[in-house]
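J.: This is what each chain is made of:
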Amino acid sequence: VNWGVVQFPGSCDERDALAACSRSGEARLLWHGDSDLGGVDAIVVPGGFSYGDYLRAGAIARFSPMMEAIGEFAAAGGPVLGICNGFQVLCEAGLLPGALLVNERLRFVCRQVELVVESNRSPFTAGLEVGESLSVPVKHGEGRYFAPDELLDELEAAGQVALRYAPGQNPNGSVRDVAGVTNEAGNVLGLMPHPEHAVDPLTGSADGLRLFEAASGAAA
Amino acid sequence: MVELEAASTEEIAALSEKLLANPLIEDFEIETIE
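Protein sequence lines, in the order shown, are assigned to chains A and B.
No gaps in the numbering here: position 81 of the first sequence is 81 in the working numbering, and each next residue is one more.
No gaps in the numbering here: position 31 of the second sequence is 31 in the working numbering, and each next residue is one more.
Simulated from the structure, these hints should not be mistaken for lab results.
In this text, all values refer to a predicted model and were calculated from it rather than measured experimentally.
All residues carry an ideal CB built from backbone N, CA and C; glycine is no exception.
Hints should not be assumed to be uniformly reliable.
[To be verified] A partial selection of chain A residues facing chain B, derived with a Cβ cut-off under 8 Å:
no.	residue
1	Leu-55
2	Arg-56
3	Ala-59
4	Glu-92
5	Ala-99
6	Leu-101
7	Phe-146
Turn these sequences into a full structure, and let the hints steer you where they fit.
T.: Now the structure itself:
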């Protein structure tokens, strides 16, 4: 699998995303100002502070030429993973439902959390068991997932809530403990926790690697 | 509050809708100052 990792001005997790992707295939950086995806099979929109988070996190990055190409890639069924700021960018771009707000306690949080797999219809959760637990770190100040109740009901009914924080683990006040959602087709997944920081037991957990391996298996 | 110069109110409305506000979580009002 050939992974592409998007780099915006202000991205800071693209190197870890590259390293994580490289464990399950080939990986290369894609500059946000380009619009050529170079024939990659899967895309990661990584974490960081694209454009300094001005206006709202992800609000400016979504206008990058690369995002137009990613929109077309996603519409054609290509797998896209948005992590943290990447999740915010995908929500702003309309590729994922909902929005990310400032954490409930108005503080930046950085800690390991337990996630529960709610749906395995995404290529990134394919092969994971619904109900199983993953240990992955979070680090963000604007990670409180929000969607109106009616939309949340629809997302849950359609299996678009892919991951939730385990009971008592919600670090930011996200509605209904939502940690990650997919688009309707399931090929685009966004989550606030950082699977790319959990790919080696030496750093506390390798559970995050399973998302990259799952997508590689699905794309193979 | 954001003050902007523009040729028309429509231009400001389009800008607000496209960039300054996410309608899922925010709203905006436009006040014209001649």
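J.: Confirm or reject each hint.
T.: To see whether the hints hold, each was checked on the structure:
1. Because the smallest distance between the Cβ of Leu-55 of chain A and any Cβ of chain B comes to about 7 Å, under 8 Å, the interface hint for this residue holds.
2. Checking Arg-56 of chain A against chain B: minimum C-beta separation of about 6 Å stays under 8 Å; hint holds.
3. Taken as an interface hint, Ala-59 of chain A checks out: its beta carbon lies about 7 Å from the nearest beta carbon of chain B, inside 8 Å.
4. With a cut of 8 Å, the hint placing Glu-92 of chain A at the interface with chain B holds, because the nearest CB-to-CB distance is about 7 Å.
5. Checking Ala-99 of chain A against chain B: minimum C-beta separation of about 5 Å stays under 8 Å; hint holds.
6. Interface hint at Leu-101 of chain A: satisfied, since its Cβ lies 6 Å from the closest Cβ of chain B, which is below the 8 Å cut-off.
7. Annotation: interface hint on Phe-146 of chain A holds; nearest CB of chain B at approximately 6 Å, less than 8 Å.
The structure shown violates none of the earlier numbered hints.
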